Amino acid sequence: MARFLPFKVAVFFTVLFFMCTDFICCNNGRRVGESLETELSGFSVPLEHSFELDDTGKFQVRGSLQLKPGREPSVSLTQNQLSEEDRAKLKEVAAVDGLYRIRVPRVFLQADRQTEWQMEGHLTAFVRACAMVESHLSDVITLHTDVSGYLIGVSIVTIPGACRGTEVEDEVDLEVFNTTLSIMAPVNAPGPETALFLERMEQETEKKGKNPQEQKSFFAKYWYLILGGAIFLMISNSAQPPAGGGREQS
Amino acid sequence: MGKLILLLLSLIAFCNIVAAVFEDQVGKFDWRQQYVGKVRFSHFDTHLQSSKKVLLATESNVFAALNTRTGDLFWRHVDKTGPEGNIDAVLHHGQDAVLVVGNGRVLRSWDISVGGLNWEIVLDSGSFQSACLVGQQGTVKHAAVLKKSVISLHYLSNGHQKWIENLPESETVNYQAVHSGGNGQVYALGVVPHSHIAIVAYSVEDGEIIKQISVDAPWLSNIPASCAVIGQGMLTCVDSTTMSLYTLDLYQQLQMTQIPLQALGLEVDPDFHPYLVSHQPNPARQPLSEFLLHLGPDHHLLLQLNNGQVVTLRDFKPALLVAFATTGEKTVAAVMSPKNKTACSINLFSAETGRRLLDTTLIYTVDPTGGKPERLHVQAFLKKDDSVGYRVMVQTEDHALTFIQQPGRVMWTREEALSHVMTMEMVDLPLTGTQAELEGEFGKKAAIQDGLTSMVLKRLSSQLIMLQAWVAHLWKLFYDARKPRSQVKNEVSIENLSRDEFNLQKMMVMVTASGKLFGIDSKTGSILWKHYLENIPDNAAFNLMVQRTTAHFPHPPQCTLLIKDKDSGLATLHVFNPIFGRKSQVAPPVLSQPILQSLLLPLMDQDYAKVLLLVDDQYKVSAFPSTKNVIQQLQETAASIFFYLVDSSQGRLSGYRLRTDLSTEQVWEVVIPTEVQKIVSVKGKRSNEHVHSQGRVMGDRSVLYKYLNPNLLAVVTESTDLHQERSFIGILLIDGVTGRIFHEAVQRKARGPVHVVHSENWVVYEYWSTKSRRNEFSVIELYEGMELYNSTVFSSLDRPHAPQVLQQSYIFPSSISTMEATLTEKGITSRHLLIGLPSGGIMSLPKMFLDPRRPEIVSEQSREENLIPYAPELIIRTEWFINYNQTVSRVRGIYTAPSGLESTCLVVAYGLDIYQTRVYPSKQFDVLKDDYDYMLISSVLFALFFATMISKRLAEVKLLNRAWR
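Note that the protein sequences, when read in sequence, are chains A and B. Quick note: the first sequence, position 187, residue 187 per our numbering, numbers continuous. Quick note: the second sequence, position 212, residue 462 per our numbering, numbers continuous.
Just so you know, the hints here were simulated from the structure itself, not pulled from any lab data. Hints should not be assumed to be uniformly reliable.
[Said to hold, decoys possible] Computed list of chain A residues with no C-beta within reach of chain B, every gap over 10 angstroms: (1) PHE43; (2) LEU53; (3) GLN60; (4) ARG62; (5) GLN66; (6) GLU92; (7) THR142; (8) THR158; (9) ASN178; (10) ASN188; (11) GLU206.
[Claimed, not checked] Example chain B residues on the side facing chain A (calculated, C-beta under 8 angstroms, incomplete): (12) VAL921; (13) GLN927; (14) GLN1057.
Remember, predicted model here, so these are calculated numbers, not experimental data. Just so you know, even glycine gets a beta-carbon here, dropped at the ideal spot from N, CA and C.
Based on the sequences and whatever the hints tell you, model everything.
Structure (structure tokens):
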């Protein structure tokens, strides 16, 4: 029963969401291709970036992350193009080896209500601005969650990652972000593998059991040694009496 | 299970790694020192006149007996740590010592001659207040234990309870003291603060209440702090607010008599709480009617209570410490008074008359590198002419014990501060004079200044000095060879300290909780220098850093100790020379702000001192040393200086970058919600670690490259939910520069305490599995893959591909206390894990057994790679214990340092004891064995040489003969 109730609430909210988003959908001009499910139960948070010549953090919206909570959370990203002005600034920042930073707000992905997911503060990460330029804005952003679904960190790398000082001539290369986005939850660390080990042991003993050589009894295996020992003893015994007799005489 | 173990044994038999020592090697490379801790109670064994025992009960929950002639331990009993093993009281009578342990939980009796346990009984619960021996008609047969609400009497012979009685009105009255005067009664003394004293007298025979009265005492709040029983059952108290002595006859209980101190012509020092010290030489008799009144930090009085009248026998001022001692029928008071700045004199006074005894002066030289004397323990004895002789044991603030005999000969000193080492470093010893001479000659400064001729002269002179040293060395060898071996002693002193051939002898710099620093020779364990830092807070955290090693002659080596108060965060720096222990001339900066982080940069100033960066709570950075040169270097490299801060209370990990104006900017942030889990440890790698091989050769001859990120941090978290089904341990591998999370794993149904070792490309951690109720080890290894991204240089900013993560877990049959990895000069030698077990063993476990690539099914390739097939249990093999029978009690930390030999790693385990040894993880591959046959090899060589000569000659002759033919 306890499991049912939140589920019902979730259904209720998804319906509510559906109704709300349906209305808004008409006038914000989103792409049609996006699946309906993400729209249904997910929520969006802004992905912000900052690149300044004096390295002060002036974050502007770069795009929005569509987060779909659940047992296996998924994420998608819609982002704006870089304006003419921003492109020039990014190149300038790259020239002085400044930083390109991004941030996302801290969210809780397992929350049912909108009021619960938002938390105080942001998570930030950075790459060198030159790497951003030289990779033609192709970056990989990873969001990390903890066990219970809190977003704990964000990381960004560019591919290729190096700054070689190659000049980016074509302005068009710096217009569109080519972003690979993923969300990572912690993996379960393995415990000691006793079951498999024991199974293997059993197999081995079985194998041994099948092998007729192993099944032989002690005497069957070492009869020649025992026989040899016995003969040796007999010979030495038969040799003994004269020696003993000799001792008696003296 | 049996089969499992059998198979394991057979597996292990394959790989033959033996780390044990031979019998004749015992004590050759290793030493152990045993300590007891800060002394709380001490009793000299007066049972026999010739006895040379002193019993010590310490704050480290240790009960021990020392030899008063040498200071060595006769025996030692180490109880549980924490309040459970806390020694509340020691009652010493004859051959027995009765201890109340664990807030009155257990009563134990020890036989002091051999240290055996006579008996032990568990007492009823209740917080312990006081205990005393109870005597009757001259013999002592019982011990009384007073608890919050009950009083019980026990037989000394077997510990059985004679009777137990509830204390009347124990809800309102705080019973604090118990007294017995040998008259068949036991008095429980209680107080209702600022109201009255309650006195209950019990019969020793059956525990019947004989009398029960209360006397008004509105000024009294704590009996043990201000009262004592003196003479014929006179309870005497001193009160600082009314400036009076109060006496009350316990037998007649009339009323408290007030004796104003002014009437005796006495005055209490302002802000000093006066107290009384009485003396009861025999528990079966009344205490002495003479007592000590402590009126000020250096003001003591010997008073006598006679028929309700207080008489001043002697006024000791200035007197630092006073103590009573009894031998035979004579009782004396030993008084320590300051003589001059460096010495104190101790004198004996007769307790009965207050007269000074002749020829009893003893000079105690105050150690300038130690603390002030804190307590005096006096051993008095009767000389042949019936006069009183004595020896004293002085306990100082730095927890040292010094045993002194007349007229001032120090018989032994024990540095008990070493029972609580907080952190340590090993520093290379300096070069010898001649080596230093050569260094100086070829130093670059010298070469620029001098011309050719002076250089030649210098060369000749240094060559001459070396010849001289060599001749001296030869002479010493020859001289020593003639003496019997036992007499040849290589005394180590600070003057003849020098580095040995393989740098195996080092200086151990140890920082102890009391604030005393020690320099210990790692070869012999002798203390070469000590330095006491005063005013160290109790909860201080220490961080010891080597700023300049001995490699930069003529600049002296330099160590910096950061002492931080954990509550306020305020820190101080102590800069010193680690070889001589002297405080450095360099003035450390005054730190007015709380310090969050300290980092030692690889940058050096012009004097080759590494730069120490200190980050305060305003995220401002200050450098030490902060010369112009350093600031300039910092500004140049600021963009590549990153650091991280951990705030475990908020679960926040944040990264910062240095700006050229030495301010900082936050560049990344990771927040782990504290509702779910809390950060328990963050481990980076050691900066002096070298990794020789970049990869591992696989069975098919390809190479699997290691992921060697020097900035990698292993963050361990524990769940806040401690339910055994839901508790977990989290492992987070995070880059300290970029904040990028490489790996996040959760060990479910697991609980701490977690011990972590992080080195090379692996992290090993140990935890408690709540599901299977056992200790488990887990190992994580990181690999870059079959190709290296950038083989020349590693940069956290340019490694886009995440490493491959392999993990495997094992069962470990014991809990562990601490863990560390071996470290060698070049990192060629295979690694071992040094595991300190609660049993006192130090185990050296080959890292080979903790390898996530151990295959479950053996294949041709894994055999080629020498991988051990996977077995879930790691077993403890006795030959892996590097400390054979030298148990290290309560090991808290293990320190490893490389030596000049690649095969050898120096190990120091510290806890209550200190143990130093060497380990050879891959055996001694670069050292010839002790029994190497030089004679055989050289004789074979010579024989071959002559054989060739002769045969050559013969061949020539033969050739010549043939030519003639």
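Checking hints one by one. Is GLN927(B) an interface residue toward chain A, by the C-beta closer than 8 angstroms rule? holds (7 angstroms)
Would ASN188(A) pass as off the interface with chain B, using Cβ distances and a cut of 10 angstroms? violated (6 angstroms)
Closest CB-CB distance from THR158(A) to chain B, is it above 10 angstroms? It is violated; THR158(A) is separated from chain B by about 7 angstroms at its closest Cβ, not greater than 10 angstroms.
Restraint check, 8 angstroms cut-off on beta carbons, for VAL921(B) near chain A: holds (6 angstroms)
Consistency of the no-contact label for GLN66(A), given chain B and a CB cut of 10 angstroms: holds (22 angstroms)
Taking the minimum C-beta separation from GLU92(A) to chain B, is that value above 10 angstroms? Holds: least Cβ distance 16 angstroms, greater than 10 angstroms.
Is the nearest Cβ of chain B still more than 10 angstroms from the Cβ of GLU206(A)? GLU206(A) is indeed farther than 10 angstroms from all Cβ atoms of chain B, at 13 angstroms.
Closest CB-CB distance from LEU53(A) to chain B, is it above 10 angstroms? holds (13 angstroms)
Is the hint on GLN1057(B) kept, meaning its closest Cβ partner in chain A is under 8 angstroms away? holds (6 angstroms)
Run the C-beta distances from PHE43(A) to all of chain B and say if the shortest one exceeds 10 angstroms. Per Cβ check, PHE43(A) is outside 10 angstroms of chain B; nearest 18 angstroms; holds.
ASN178(A) non-interfacial with respect to chain B [C-beta, more than 10 angstroms]: Answer for ASN178(A): holds, closest chain B Cβ roughly 14 angstroms.
A cut-off of 10 angstroms on Cβ-Cβ distance, and GLN60(A) was said to be off the interface with chain B. Does that hold? holds (18 angstroms)
Checked against the numbered hints given earlier, the structure breaks hints 7, 8 and 10 and satisfies all the rest.
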